[in-house]
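Q: Sequence:
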Amino acid sequence: GGENSGKSNCIGGRVEAYDYMKFDQLGADSGIQTQVILHGRFHELRQALRQCSQEIQVKDTVMSDLEKVREKHLFKNPKVEDELGKRISGTLDAAKLEMMSLLRLQKQLEAQLQEQFNLARIIVTQQAHLGVEISIGDKTVKLSKPYGAGSFVYTLDGIQFRPGETKIPRKK
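Using our numbering, the first residue of the sequence shown is number 1, and each one after it goes up by one.
Treat each hint with caution, since some may be false.
[What the hints assert, rightly or not] Below are the DSSO-like pairs computed for lysine-lysine, each with C-alpha atoms no more than 30 angstroms apart in a straight line: (1) Lys59 x Lys107; (2) Lys68 x Lys86; (3) Lys142 x Lys171.
[Unchecked claim] So the derived label-pair ranges between C-beta atoms look like this: (4) Met100 x Pro163: 40 to 48 angstroms; (5) Gln51 x Ala94: 19 to 27 angstroms; (6) Gln112 x Arg162: 33 to 41 angstroms.
None of these hints come from the bench; they were simulated from the model.
In this text the structure is predicted, and so the values were computed from the model without any measurement.
Using N, Cα and C, we set each Cβ at its ideal position, and we do this for glycine too.
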């Protein structure tokens with residue numbers, strides 16, 4: 001794709017990219033097989049987000065268990081700040097810091113995934129023809145009709161066409 005009108009036609013074959021592609025024409029009336037694939041970072045980011053969420057759950061369970069041990073220990077020895085009590089408190093403080101770090105990472109990954117949703121698109125300034133196969137991330141659609149100017153974008157429900165959206169997305 002590109003910004004130069006008349007120089008960004010994809011007629012037949014297979015084209016792959018990372019974030020977005022822009023074409024004047026996509027496919028042809030003749031029905032020649034045309035595949036357009038945007039890989040994006042969906043899989044990688046979702047996997048990292050899943051792993052982070054699992055670590056948060058584990059850390060939450062550990063912190064809850066430590067709180068129970070500390071309460072039980074303090075109940076038995078309310079006036080004594082002994083070595084075990086100090087160790088339990090120190091471990092709990094460290095776990096809280098790790099939890100805060102994990103929660104920050106989770107927010108960063110969510111923001112990166114949202115940015116990927118915003119970037120990933122196939123832009124057509126004139127026409128996308130019947131039969132073109134479009135893949136974005138883990139979603140694929142074969143066009144059952146021609147489409148005019150607009151963008152094919154990734155959504156959780158599948159690939160959606162947004163008429164009139166022909167601007168190249170900008171990273172935030």
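Q: Each hint: holds or not?
A: How the hints compare with the structure:
The hinted pair formed by Lys59 and Lys107 meets the criterion: a straight-line CA distance of about 17 angstroms does not exceed 30 angstroms. For the hint linking Lys68 to Lys86, the alpha-carbon distance of about 15 angstroms falls within 30 angstroms, and the restraint holds. Distance check on the hinted pair: Lys142 and Lys171 sit about 28 angstroms apart at the alpha-carbon level, within 30 angstroms; holds. A hinted range of 40 to 48 angstroms holds for the C-beta pair Met100 and Pro163, which are about 44 angstroms apart.
Take Gln51 and Ala94: their Cβ atoms lie about 20 angstroms apart, and the range 19 to 27 angstroms holds. Taking the beta carbon of each, Gln112 and Arg162 are about 22 angstroms apart, not inside 33 to 41 angstroms as hinted.
In this structure, the one hint that does not hold is number 6.
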